[in-house]
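2 protein chains.
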Amino acid sequence: MKPIRVGLLGCGTVGGGVLRLLRESSEYVAQSIGAPLEVARVLVRDTGKERVVALDRGLLTTDPEALLGDATIDVFVEVMGGVDPTRAYVERAIDTKRSVVTANKMLLAKHGPALVDRAIANGVDLGFEGSVGGGIPVVRVLRDALACDWVVRLEGIVNGTCNYVLTRMHDDGLAFDDAVREAQEKGYAEADPSLDVDGHDAAHKLVVLAMLAFGARVDAERVPTEGIRGIDPIDHRFAERFGFAIKHMAIGRERGDGIELRVHPALVHRDTPLANVGGVLNAIALEGRALGPCLLSGRGAGDMPTAVSVVADVLDVARARLSGFAGLATRSIQTKTRPLASIDEVRTRYYLRFQAHDRPGVLARLAGALGDAGVSIEQMVQEGGGGSSGVPVHIVMLTHEALERDVRSALDTIAHSGVAASSPRLIRIL
Amino acid sequence: MKPIRVGLLGCGTVGGGVLRLLRESSEYVAQSIGAPLEVARVLVRDTGKERVVALDRGLLTTDPEALLGDATIDVFVEVMGGVDPTRAYVERAIDTKRSVVTANKMLLAKHGPALVDRAIANGVDLGFEGSVGGGIPVVRVLRDALACDWVVRLEGIVNGTCNYVLTRMHDDGLAFDDAVREAQEKGYAEADPSLDVDGHDAAHKLVVLAMLAFGARVDAERVPTEGIRGIDPIDHRFAERFGFAIKHMAIGRERGDGIELRVHPALVHRDTPLANVGGVLNAIALEGRALGPCLLSGRGAGDMPTAVSVVADVLDVARARLSGFAGLATRSIQTKTRPLASIDEVRTRYYLRFQAHDRPGVLARLAGALGDAGVSIEQMVQEGGGGSSGVPVHIVMLTHEALERDVRSALDTIAHSGVAASSPRLIRIL
Numbered sequence: 277m278k279p280i281r282v283g284l285l286g287c288g289t290v291g292g293g294v295l296r297l298l299r300e301s302s303e304y305v306a307q308s309i310g311a312p313l314e315v316a317r318v319l320v321r322d323t324g325k326e327r328v329v330a331l332d333r334g335l336l337t338t339d340p341e342a343l344l345g346d347a348t349i350d351v352f353v354e355v356m357g358g359v360d361p362t363r364a365y366v367e368r369a370i371d372t373k374r375s376v377v378t379a380n381k382m383l384l385a386k387h388g389p390a391l392v393d394r395a396i397a398n399g400v401d402l403g404f405e406g407s408v409g410g411g412i413p414v415v416r417v418l419r420d421a422l423a424c425d426w427v428v429r430l431e432g433i434v435n436g437t438c439n440y441v442l443t444r445m446h447d448d449g450l451a452f453d454d455a456v457r458e459a460q461e462k463g464y465a466e467a468d469p470s471l472d473v474d475g476h477d478a479a480h481k482l483v484v485l486a487m488l489a490f491g492a493r494v495d496a497e498r499v500p501t502e503g504i505r506g507i508d509p510i511d512h513r514f515a516e517r518f519g520f521a522i523k524h525m526a527i528g529r530e531r532g533d534g535i536e537l538r539v540h541p542a543l544v545h546r547d548t549p550l551a552n553v554g555g556v557l558n559a560i561a562l563e564g565r566a567l568g569p570c571l572l573s574g575r576g577a578g579d580m581p582t583a584v585s586v587v588a589d590v591l592d593v594a595r596a597r598l599s600g601f602a603g604l605a606t607r608s609i610q611t612k613t614r615p616l617a618s619i620d621e622v623r624t625r626y627y628l629r630f631q632a633h634d635r636p637g638v639l640a641r642l643a644g645a646l647g648d649a650g651v652s653i654e655q656m657v658q659e660g661g662g663g664s665s666g667v668p669v670h671i672v673m674l675t676h677e678a679l680e681r682d683v684r685s686a687l688d689t690i691a692h693s694g695v696a697a698s699s700p701r702l703i704r705i706l
Numbered sequence: 277m278k279p280i281r282v283g284l285l286g287c288g289t290v291g292g293g294v295l296r297l298l299r300e301s302s303e304y305v306a307q308s309i310g311a312p313l314e315v316a317r318v319l320v321r322d323t324g325k326e327r328v329v330a331l332d333r334g335l336l337t338t339d340p341e342a343l344l345g346d347a348t349i350d351v352f353v354e355v356m357g358g359v360d361p362t363r364a365y366v367e368r369a370i371d372t373k374r375s376v377v378t379a380n381k382m383l384l385a386k387h388g389p390a391l392v393d394r395a396i397a398n399g400v401d402l403g404f405e406g407s408v409g410g411g412i413p414v415v416r417v418l419r420d421a422l423a424c425d426w427v428v429r430l431e432g433i434v435n436g437t438c439n440y441v442l443t444r445m446h447d448d449g450l451a452f453d454d455a456v457r458e459a460q461e462k463g464y465a466e467a468d469p470s471l472d473v474d475g476h477d478a479a480h481k482l483v484v485l486a487m488l489a490f491g492a493r494v495d496a497e498r499v500p501t502e503g504i505r506g507i508d509p510i511d512h513r514f515a516e517r518f519g520f521a522i523k524h525m526a527i528g529r530e531r532g533d534g535i536e537l538r539v540h541p542a543l544v545h546r547d548t549p550l551a552n553v554g555g556v557l558n559a560i561a562l563e564g565r566a567l568g569p570c571l572l573s574g575r576g577a578g579d580m581p582t583a584v585s586v587v588a589d590v591l592d593v594a595r596a597r598l599s600g601f602a603g604l605a606t607r608s609i610q611t612k613t614r615p616l617a618s619i620d621e622v623r624t625r626y627y628l629r630f631q632a633h634d635r636p637g638v639l640a641r642l643a644g645a646l647g648d649a650g651v652s653i654e655q656m657v658q659e660g661g662g663g664s665s666g667v668p669v670h671i672v673m674l675t676h677e678a679l680e681r682d683v684r685s686a687l688d689t690i691a692h693s694g695v696a697a698s699s700p701r702l703i704r705i706l
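For the protein sequence lines, the chains are A and B, in the order given.
Just so it is clear: in the first sequence, position 391 is 667 by this note's numbering, and no numbers are missing.
Just so it is clear: in the second sequence, position 181 is 457 by this note's numbering, and no numbers are missing.
Mixed in with the good hints there might be a few duds.
Unchecked claim - Below, a list of computed lysine-lysine pairs in the BS3-like style, where the Cα atoms sit at most 30 Å apart:
| id | chain 1 | residue 1 | chain 2 | residue 2 |
| --- | --- | --- | --- | --- |
| 1 | B | K278 | B | K373 |
| 2 | A | K373 | A | K278 |
| 3 | A | K612 | A | K373 |
| 4 | B | K462 | B | K278 |
| 5 | B | K386 | B | K612 |
| 6 | B | K462 | A | K278 |
| 7 | B | K386 | B | K373 |
| 8 | B | K462 | A | K373 |
| 9 | B | K373 | A | K612 |
| 10 | A | K462 | A | K278 |
| 11 | B | K462 | B | K325 |
| 12 | B | K612 | A | K278 |
Claimed, not checked - Computed spacing ranges between beta-carbons, pair by pair:
| id | chain 1 | residue 1 | chain 2 | residue 2 | range |
| --- | --- | --- | --- | --- | --- |
| 13 | A | G600 | B | A306 | 51 to 59 Å |
| 14 | A | D533 | B | E461 | 53 to 61 Å |
| 15 | B | S652 | A | A330 | 21 to 29 Å |
| 16 | A | V667 | B | G666 | 31 to 39 Å |
Calculated directly from the structure, the hints in this document are not laboratory data.
All values reported here derive from a predicted model rather than from experimental measurement.
Every residue, glycine too, gets a C-beta built ideally from N, C-alpha and C.
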């Protein structure tokens, strides 16, 4: 049978992994999809650069036209990253009726629904399993396995850098900066770690997940997003004491009239599987209306896990193209603009840590301000300092479920009262 | 477009769930696959019986010929269970070029590879997501997401009854019989619980997983299988003390020259996600050569979770049929007979609990027998009884990694020496 010709846009670590997997499993692939896969051309920035994977140098080109203008290429694999000029390449491929597989979460977060619609309009597929959760097949699960169910909630540890840093802070008491430096040394964090540790990467992934889970077109800029810079080693100690781990979470909820999306650190109970997802691992917990709870966990990044996801998409897309019915899998992704709940409307439990001078009446004033705002306290612990030492004490409260607006209002009152020595730390509880 | 006509073989709880999901999502389905789905006929044992789901009674029939002989039916959904006459119906459907979706693990365990080959030969699909792990999309993940990777190990909590019983014994100190009785009252266990608690159901599921993960055709009778009847509340207490939970596991390993499959209770470290999968939940941990570790967890049984999986398969199969390229997804399942390692060849760590009279030299003789067989001890604890009371003491040892043959040989020596008051308990450590 005539081979399926693949154009590879980009050949970094993931691209190298894709080439390796395709080569190692070429026989299996041919039997499985009914035709051999052939890498037709590879777009790179520098044809002279050393490549991880052995490669016919004649396939390399720096000219995008050599791929996009080649009508014999059936499927494009985009692993070059970035939004510009990547978006234009992907659109061009789609417009010329070629299916595209991409691992580009930023592109998907910014233009995912538009690209999906474009693919549907052109009768081709857009595969993007590799864009969220690396080797975790969450896109496939949301798109195919839950096809006829409704997702009511979704909670993900989707940023490996954050999870690594928090795990090191918890397990070995490292300070935030030291943990980040270590992550950078191990290649788990970028030189500028802000995309990861400030939560933006997780927000991008949440937007991609929300597209599949809630059929929602959401602007990532509008997702309430907090990173992990404010977490202190002492918060890990208190969390542990109450039976929780601190994890950086991407959270989505179906509210019926709209959806709730938020990215922030959260206390996760030790007895739940999510709390035990450590290091650079990622995990996504879903709840389907009919399916009930479902957890997926694995390597969230890395060349080979992501390559496994990309190649799985390539096989699907190639199979669909061979059948003459491309675009059907993509057609099941139906999105629309949906109202996004404000963070004020979130209802959850809270961990509140105050630093205050240990004077008579302090506790009463803190508890009073919370009570006045309708926030009730479930557990409380006070530690450190002591009346005569002059060192502020830590007072930690876990609240019952409350409305974020009410908690914020109580914290404002407390800030103005001068009873606390510094701004309190608020961490939501999952 | 012409609707896809579905014949439903069986209409119990899962069948009712399938009908409900198909009805609730009919619009979505039509748009997603490109044609409406229509339930053509439903095979039941008793057309007069009350059904959970509202249903046109005219569709019901007790005559299999009314479905199998109807050439206008495109897809069969088998949710009647059992091996006979189910197998003949499924074969007939396949032979007459209709794709089949089944949730029947026993049928799959006994005849899975033969049915897959039959489907491939007839150019149709055999979907069986619902057969293992209920709502956990493990079949899809192994077949599609890991298409180009090799699974090196697989560890599953795949029997909800066992997991419920062990969870209740651990959490609330229930005796085995009481926990089973409670599971029966809640509908989690059959009147005759032996298929579950003796491990046979888990062995069936492991055989289905091994077909996908290792391309292996295995007779379930040949899988070393132990149930949970021998686990005592005291084993939970000791396991906890060493930082472990006891879980009933289905385990598979790629050994290169063959595979290792086994079903038995195991000590699972508390810090791992598997240890925290409680109650009737199921979980499957995989490791792909390129993918690395991957964990899937969710409801292992129940009408709606299983129905979600069945309907997801129906959509795939219907889509493939519409495209005129049915059978491609199934073609990726390639199996052959592979050598199965004997339990003697297993190499793992062991939990050994002896009951012995607290006399001088007892410990030395136990440790000596193990040492002579090349089994070295990592941790030891002695509890209860006391020299003068005459009550035997419990001596628990955790070994370093050892060959099962050597451990068994040491236990034989100990049994013949008369040093232990009763047979020791051996539980493998994951």
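Check your understanding: Are there hints from earlier that the structure breaks, and if so, what are their numbers?
Key -> 4, 6, 8, 9, 10, 13, 14, 15, 16
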